[in-house]
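Novice: Okay, here's what each chain looks like letter by letter:
There are 2 protein chains.
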Amino acid sequence: MLMSKLVGERTKTIPSEAVIKSHIMLLKSGFIKLVTNGVWTLSMPAKKIAENIQRIVREEMDAIGGQECLFPVVMPRDLWEQSGRYKSIGDEMVRFKDRNDRDLVLGMTHEEAAVHFVRDSVKSYQQLPFMIYQIQTKFRDEARSRGGLIRVREFTMKDGYSFHETQEDLAEYYEKVYEAYFRIFSRIGLKNFIAVKSDTGMMGGSIAHEYMLLTDVGEDTLIICSECDYKANMEVAECQPRINGYEKLLPLEEVFTGAAKEIKEVSSFLGGTSQKKIIKAVCYNLKGDTGKTVLCFIRGDLEINESKLKKVLKSDIIPADLLGTNIIAGNIGPVGIEESPNLKIIFDKSLDNCINMVCGANKEEYHLLNVCIKRDFSANEFLDISKVNSQDFCPKCGAKLKINNGIEIGNIFQLGTKYTKSMEMKVLNREGKEINPIMGCYGIGIGRAISAIAEEYADDKGLSWPMSVAPWKVYICALRADDQNIFLKASDLYDKLIKAGVDTIFDDRLASPGFKFADCDLMGIPIRLVISPRSLEKNIVELQKRDGSLKEEVPYEMCVERIIQLCRG
Amino acid sequence: MLMSKLVGERTKTIPSEAVIKSHIMLLKSGFIKLVTNGVWTLSMPAKKIAENIQRIVREEMDAIGGQECLFPVVMPRDLWEQSGRYKSIGDEMVRFKDRNDRDLVLGMTHEEAAVHFVRDSVKSYQQLPFMIYQIQTKFRDEARSRGGLIRVREFTMKDGYSFHETQEDLAEYYEKVYEAYFRIFSRIGLKNFIAVKSDTGMMGGSIAHEYMLLTDVGEDTLIICSECDYKANMEVAECQPRINGYEKLLPLEEVFTGAAKEIKEVSSFLGGTSQKKIIKAVCYNLKGDTGKTVLCFIRGDLEINESKLKKVLKSDIIPADLLGTNIIAGNIGPVGIEESPNLKIIFDKSLDNCINMVCGANKEEYHLLNVCIKRDFSANEFLDISKVNSQDFCPKCGAKLKINNGIEIGNIFQLGTKYTKSMEMKVLNREGKEINPIMGCYGIGIGRAISAIAEEYADDKGLSWPMSVAPWKVYICALRADDQNIFLKASDLYDKLIKAGVDTIFDDRLASPGFKFADCDLMGIPIRLVISPRSLEKNIVELQKRDGSLKEEVPYEMCVERIIQLCRG
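Residue numbers (the numbering used here), protein chains in the order written: chain A, 7 to 575; chain B, 7 to 575.
There's no promise every hint is true.
Copies of the same chain look alike in the list, so a pair counts if it fits in one copy or across any two.
[Unchecked claim] Only pairs whose alpha carbons sit at most 20 Å apart, straight line, appear in this in silico EDC-like list of lysine to aspartate or glutamate: (1) LYS267 with ASP327; (2) LYS144 with ASP104; (3) LYS505 with GLU371; (4) LYS270 with GLU387; (5) LYS495 with GLU371; (6) LYS11 with ASP109; (7) LYS551 with ASP527; (8) LYS317 with ASP307; (9) LYS11 with ASP175; (10) LYS380 with GLU23; (11) LYS408 with ASP322; (12) LYS129 with GLU15; (13) LYS544 with GLU312; (14) LYS11 with GLU171; (15) LYS129 with ASP514; (16) LYS18 with ASP126; (17) LYS424 with GLU309; (18) LYS293 with ASP222; (19) LYS369 with ASP226; (20) LYS144 with ASP109; (21) LYS505 with ASP68.
Derived by calculation from the structure, the hints in this document are not laboratory data.
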């Protein structure tokens, strides 16, 4: 490729919403260009990086028996009705009508298409297990796209679907994918990543893992044990039971607390009572059933984990509308309040064995002191609906937990029979019994992988690509390209490198050395080759690696060989 | 790949709408599966063929300096408003709203996206020319999808866009693409294809070519000279002026013709008057302006070419509604009828110099005889609005023209400045003047190429793939795969072939020889390798080519080497 012809605007003007380094540098280098909110055009170098990532993904998927197919972007409503997701998925799915008024959707994931593809032809356990996958464009109408290619609406994704006779077989295959994903992320150059247990969300199923690049700018919160291998996404993270110290029971008392409603205000009104000694109340409505209020009690220093709460309720939730109820916001407490068809009460585990607590008196301007469970109210059970925090301890080994931010770069799910059951895919198992195959599904976003690599490697000068995914391995800077001798020698090296299979970009522009070096650094090409009047005089070229690990002079004649060596790593 | 695990239903049940051989065989082999009208899932072998085609397309595009990018499937209305196509394109473009009520479209072509991508960064003629291309999913809401992958709604397409300073530069580059397309179609194995001049339709621009696979089942009609290199799509095909013999002028006469209205009826009513001697009238309305009638006169043996007529009118047309006009359908003639603001009259070239013609008398049940232009009515000009037919002669060399059917497999357009002008892309030319770059655009549908190859090669037994695009090069039939010795030898060959880089599928199923041979033929794998108790006894394997050109026994030890030879050549 000739740099003079490369399309893509290298620019210094960056919009203010670009705050993380991968986003900034992908824009500055002209690798991506926004078309509309969450929808991007990839320039040639970005597309080359995507292809390099996809090649690695394909190799690893094929190595574990994956069959690459292609499912459509546009699907009929009917398919999604069969799985029940036409209704259960909200605004993030695009729905439209064709010219004959038939309902279509844009695929955001392809479980339905995968089951549709195989359910007529796979009829026997002998055809199981198998895994089909694709690398295809998807569209998810995200409310907030952000971070360049990190959270977008249109994206290219590798999504795989495996089908099994038994749960054991799925578990075994899941392990293979789990390992393959580690190989993929390592091969594309990521270093600081982990797999964490995660929530299965709208996918259904039970066991799931997310692969996370650890970085301060990640929007996911991860809980990681400082000692053992326990790692989980905040949504599912657990911890050791919190200990509530033993105290002598004191008599129940009602106190005037005036306008103090928030935990902090109550604590301060009461002269600095510890937040751990206050019972916090949080109310929700079930989504689609606003007549029912869910009232959650939790220790005042903790937060509700809405993912866990949704699982407990088996329903989506929205902030409660308390109008028309007799609940007094800011003064809610568990004493004297009863469950009813319109009111569900849930106690978090953190309240188990609490004594002498502060809580709302269910009366404007008043709280209760010294509230004790069992004595003052009853709780059927205590459920885990809290967020783990950095004060908590590992549920596995008891060591201190750390909190990290991360960017999700991949996910794997054990789906179970959610789709094969609803879509009526049946095979005969080895006992001759009709069963619904058990599925797993496995995703990697290609664009997000580009951003994740950029995020891990970029520095103040720009991007920096690992050799395995770099758009070009070598950037030839011809200084004084107007000098015919220089130009000819540089062209000669360019041709030789291309012939040797080394993907190379040749900066043939009439521009200053500083300008060329800056573009080379900004674009993050791993090896810079400088040829100049000075170097030609000495019959050498200068080689330098973008990561700073090498700077050397190589005889002109040895240069191609040396570069091949460096590319091999 | 193991045949026992290959997903995709090989079936004998073919729906009745599948009538052409590529469609039937792609279904029978389980290579494609319908998801909804015009929307397909590609199984692994079809996806492999697509990838092989795409690789060849990429190589040829890169060889002429193409830069592969990726434009989005989903685009904002705004972009298409800029080019004017949001309005000018009809129902075939999918439009929908996102969660914030903003209008989006699904891309059916990407001129807008290409201009959007480069217009801010390309500012000087020094950056020209360049060509950017992508291979991306598109959606076009076709009214009638048909023929498997031939006419679909969702498809993968390579679309390229070049930008030039001058028309000469575009013409020069266009020639390069023209040649590259010949190389592409040859390399993917097509033989019986040609390039024809074509209409530019909704793309705008002037010069365009379509690449056509010649086949009786094609839905396009092509005009080809029997002697010289003249070739054109029916929409734009021209011919030598038709000769109307000299006769003595006879006096104008009005005759009663009763219910005879169609050309055939009038001819027969008048005792067999040649259709060449009758003036045919055809009426249209301008689309979106039904107050205006367009009245076309043409020689009775010819048909109106609506594509040419649209160009003349610079407007889309619909069949005329004559209610409320004083035009008498079936008895229309040019004598005594005048153009007006509501009536436009067009004469086809075929009427130039006609004498003693029959035409309608503009009066129920009457026609005129011996009508002569100049004497009986006046025509300002004669325009070419006729369809060429097999009676016509080559406009270039005068030889007889042939009519062929074809499937369009690619197209190239000289677009001009339609998009750079409307979308305000400006660069400074070498005189320092601001100009709109001149564009070309270049498309190849990947799925349609699969169908075209299938159509050209398939026979009664099934598909047959050229080596360059075959999903697997070798199909190992292990007969008596339950014999451990056979199975081990076959597996050994399979491993060796894979290691040697020969893409191979191994039929490891416990099935009869006939069953395996049939699947191998149906799937169209170029080389069949049979290993059986009989062949092992002789220490050989049997090799056979799908195209019937080879059948031989090869010593077991020589087999891999021989296959590599066959794959190369």
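Novice: Are the hints correct? Go through all of them and say.
Specialist: Comparing the hints with the structure gives:
1. Within a single copy, LYS267 and ASP327 get their C-alpha atoms as close as 17 Å, which meets the 20 Å cut-off; across copies the closest is 75 Å, which misses it.
2. Taking the closest pair of Cα atoms, LYS144 and ASP104 come within 20 Å of each other both inside a single copy (19 Å) and across two copies (15 Å).
3. Neither within a single protomer nor between protomers do LYS505 and GLU371 lie at most 20 Å apart by alpha-carbon distance, with minima of 82 Å and 80 Å respectively.
4. In this assembly of identical chains, LYS270 and GLU387 lie within 20 Å of each other by CA distance neither inside one copy nor across copies; the values are 27 Å within and 91 Å between.
5. Taking the shortest alpha-carbon separations for LYS495 and GLU371, neither the intra-copy value of 85 Å nor the inter-copy value of 86 Å comes in at or below 20 Å.
6. Taking the shortest alpha-carbon separations for LYS11 and ASP109, neither the intra-copy value of 44 Å nor the inter-copy value of 34 Å comes in at or below 20 Å.
7. Taking identical chains as interchangeable, the C-alpha atoms of LYS551 and ASP527 lie at most 20 Å apart only when both belong to the same chain, with a minimum of 10 Å there against 53 Å between chains.
8. Proximity of LYS317 and ASP307 under a CA criterion of 20 Å is satisfied in neither setting, with 22 Å inside one chain copy and 75 Å between copies.
9. Taking the closest pair of Cα atoms, LYS11 and ASP175 come within 20 Å of each other only across two copies (15 Å); inside a single copy the shortest separation is 53 Å, beyond that limit.
10. Taking the shortest alpha-carbon separations for LYS380 and GLU23, neither the intra-copy value of 53 Å nor the inter-copy value of 73 Å comes in at or below 20 Å.
11. Proximity of LYS408 and ASP322 under a CA criterion of 20 Å is satisfied in neither setting, with 29 Å inside one chain copy and 68 Å between copies.
12. Taking identical chains as interchangeable, the C-alpha atoms of LYS129 and GLU15 lie at most 20 Å apart only when they sit on different chains, with a minimum of 11 Å there against 54 Å within one chain.
13. Taking the shortest Cα distances, LYS544 and GLU312 never come within 20 Å of each other, neither inside one copy (68 Å) nor across copies (71 Å).
14. Proximity of LYS11 and GLU171 under a CA criterion of 20 Å is satisfied inter-copy only: 14 Å between copies versus 54 Å inside one chain copy.
15. For the homomeric pair LYS129 and ASP514, the shortest alpha-carbon distance between copies (18 Å) is at most 20 Å, but the shortest distance inside one copy (60 Å) is not.
16. With identical chains, the CA atoms of LYS18 and ASP126 are at most 20 Å apart between copies only, with a shortest distance of 13 Å across copies and 55 Å within one.
17. When the C-alpha separation of LYS424 and GLU309 is checked against a cutoff of 20 Å, the pair qualifies neither within a copy, at 31 Å, nor between copies, at 59 Å.
18. For the identical chains of this complex, LYS293 and ASP222 are neighbours neither inside a copy (33 Å) nor across copies (59 Å), given an alpha-carbon limit of 20 Å.
19. Taking identical chains as interchangeable, the C-alpha atoms of LYS369 and ASP226 are never at most 20 Å apart, the minima being 39 Å within one chain and 81 Å between chains.
20. For the homomeric pair LYS144 and ASP109, the shortest alpha-carbon distances inside one copy (18 Å) and between copies (18 Å) are both at most 20 Å.
21. In this assembly of identical chains, LYS505 and ASP68 lie within 20 Å of each other by CA distance solely across copies; the values are 14 Å between and 29 Å within a copy.
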